[in-house]
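Q: In case you want the letters, here they are:
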Amino acid sequence: MFVTSAYAQSTTTEGAETHDAAAGEVHTETGVAHEGGHGSGVFPPFDSSTFASQLLWLAICFGLFYLLMSKVVMPRIGSILETRNDTIARDLDDAARSKAEADAAVAAYEQELAAAKAKGNAIASAAREAAKTKAAADRTAVETSLNDKISAAESRIADIKAKALADVGSIAETTATAVVEQLIGGKATKAEIASAVKASTK
Amino acid sequence: MAGDKVDPVHQFVVNKIIPIEIGGIDFSFTNASLFMVATLAVATGFLYFTTSTRSLVPGRMQSVSELSYEFIASMLREGAGSHGMKFFPMVFSLFMFILTANMLGMVPYFFTITSQIIVTFALALFVIGTVLFYGFYKHGLGFLNVFVPSGVPGILLPLVIAIEVISFLSRPISLSVRLFANMLAGHITLKVFAGFVASLGTMGALGIGGAILPLIMTVALTGLEFLVAFLQAYVFAVLTCMYLNDAVHPGGH
Numbered sequence: 001m002f003v004t005s006a007y008a009q010s011t012t013t014e015g016a017e018t019h020d021a022a023a024g025e026v027h028t029e030t031g032v033a034h035e036g037g038h039g040s041g042v043f044p045p046f047d048s049s050t051f052a053s054q055l056l057w058l059a060i061c062f063g064l065f066y067l068l069m070s071k072v073v074m075p076r077i078g079s080i081l082e083t084r085n086d087t088i089a090r091d092l093d094d095a096a097r098s099k100a101e102a103d104a105a106v107a108a109y110e111q112e113l114a115a116a117k118a119k120g121n122a123i124a125s126a127a128r129e130a131a132k133t134k135a136a137a138d139r140t141a142v143e144t145s146l147n148d149k150i151s152a153a154e155s156r157i158a159d160i161k162a163k164a165l166a167d168v169g170s171i172a173e174t175t176a177t178a179v180v181e182q183l184i185g186g187k188a189t190k191a192e193i194a195s196a197v198k199a200s201t202k
Numbered sequence: 001m002a003g004d005k006v007d008p009v010h011q012f013v014v015n016k017i018i019p020i021e022i023g024g025i026d027f028s029f030t031n032a033s034l035f036m037v038a039t040l041a042v043a044t045g046f047l048y049f050t051t052s053t054r055s056l057v058p059g060r061m062q063s064v065s066e067l068s069y070e071f072i073a074s075m076l077r078e079g080a081g082s083h084g085m086k087f088f089p090m091v092f093s094l095f096m097f098i099l100t101a102n103m104l105g106m107v108p109y110f111f112t113i114t115s116q117i118i119v120t121f122a123l124a125l126f127v128i129g130t131v132l133f134y135g136f137y138k139h140g141l142g143f144l145n146v147f148v149p150s151g152v153p154g155i156l157l158p159l160v161i162a163i164e165v166i167s168f169l170s171r172p173i174s175l176s177v178r179l180f181a182n183m184l185a186g187h188i189t190l191k192v193f194a195g196f197v198a199s200l201g202t203m204g205a206l207g208i209g210g211a212i213l214p215l216i217m218t219v220a221l222t223g224l225e226f227l228v229a230f231l232q233a234y235v236f237a238v239l240t241c242m243y244l245n246d247a248v249h250p251g252g253h
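Heads up: the protein sequence lines correspond to chains Y and R, in order. Position 115, counted from 1, in the first sequence is what the working numbering calls 115; the numbers after and before it change by one each time, with no gaps. Position 61, counted from 1, in the second sequence is what the working numbering calls 61; the numbers after and before it change by one each time, with no gaps.
Simulated from the structure, these hints should not be mistaken for lab results. Please note that the accuracy of each hint is not assured.
Stated by the list, open to error - Computed beta-carbon distance windows for the label pairs:
1) Leu141/R with Ala59/Y: 28 to 36 Å
2) Tyr234/R with Arg97/Y: 39 to 47 Å
3) Ser70/Y with Ser174/R: 22 to 30 Å
4) Asp91/Y with Gly129/R: 41 to 49 Å
Idealized CB from N, CA, C, for every residue including glycine.
All chains, full assembly: derive it from the sequences and hints.
A: This is the structure we're talking about:
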């Protein structure tokens, strides 16, 4: 139905065409024949004699095009885009995971560092304390032994002194006896001399 | 206009290259057929070879293919929703085929297949046929809801339904005539202005001086025609998406 109306229209436009646009060679034929299709006075897009061939070749070409698009090209482009989106998403995931790992590593490192520092401090302070106590103990030990030695020496000195002092009386008596014999040629009694010595040493 | 060389309609004449006749019907391989094959080859070749490396980081040409794919995908998703995505191959094929045909037509001496009303009408019928077939196949008689907009008062309903039916019936005509007329008129205009340049150029020094104006016009029109070539393919695809939306969601306005 459409074809026939288009055909009818083409025959009416034909007259106008011959007046303003058609070339001389066409001019002679326009009145006679338009059944020959191209080249006659029929406005070419409305030339229904070409419709069958155009429809057939359009169906072939567009059908093939549709088939190639839907079976080959579009799945390919779709897979390219999908792969890209997947890759980007995966890369982002990887990056996020790596970042988390790095953060965890930093945290662990800092934790270990803090622990090591605390441990070092503990060891240092323990060593210091131990050294201090040892030094204090050593000092007290030395002091006690020195004190012991001092007191022993002092007691010996006291002994010696007492002994010496005890000897002084007898030496003085002997000396006094000798001095008295030499001076007066007589003998003094022992008791006299002892009392005399006693009196002088007081 | 002077002489037969500037006949602006001559470019639309279909010539037989290989005459074929089957059952008394002329199925000749014509220049129109040749450019249909060329459109098929150029569009498929471009999309096929630019994506053959499947680069993760696309080059320029691969980007063009991917952009057109995503362009049509988003157009269809916006126009017909995610249920309409089953028509993605169809809309993509229509868009790429018409775009390539229009662009090939811009090359001098090349035949513009979209300037043939029968070609655009066949493509439009393909769209409307798909809408009707899928609409009735999927929704049965519920597809007729497409003619009954919701929220219309009962008294106006017969009038509105009549308008909706007429507008539905005029769709294949408007869809095909829009593309056909745009391509036809553009190419005729271009040819007429280019013809002025040629015919003025034969008229001596004054004519050559005067030919500058139509020459500027021709250059400007060529740019405009490239825009129209893209725009008409885009409009065809957008309207296809809208019509398919009716098939997917009848009465869902």
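Q: It remains to establish, for every hint, whether it holds in the given structure.
A: Against the structure, the hints:
The hint said 28 to 36 Å for the Cβ distance between leucine 141/R and alanine 59/Y, and at roughly 30 Å that hint holds. The hinted range of 39 to 47 Å is satisfied by tyrosine 234/R and arginine 97/Y, whose Cβ atoms lie roughly 43 Å apart. Checked against the hint of 22 to 30 Å, the C-beta distance between serine 70/Y and serine 174/R comes to roughly 27 Å, which is consistent with it. Checking the proposed 41 to 49 Å range against aspartate 91/Y and glycine 129/R shows it holds: the Cβ atoms sit about 46 Å from each other.
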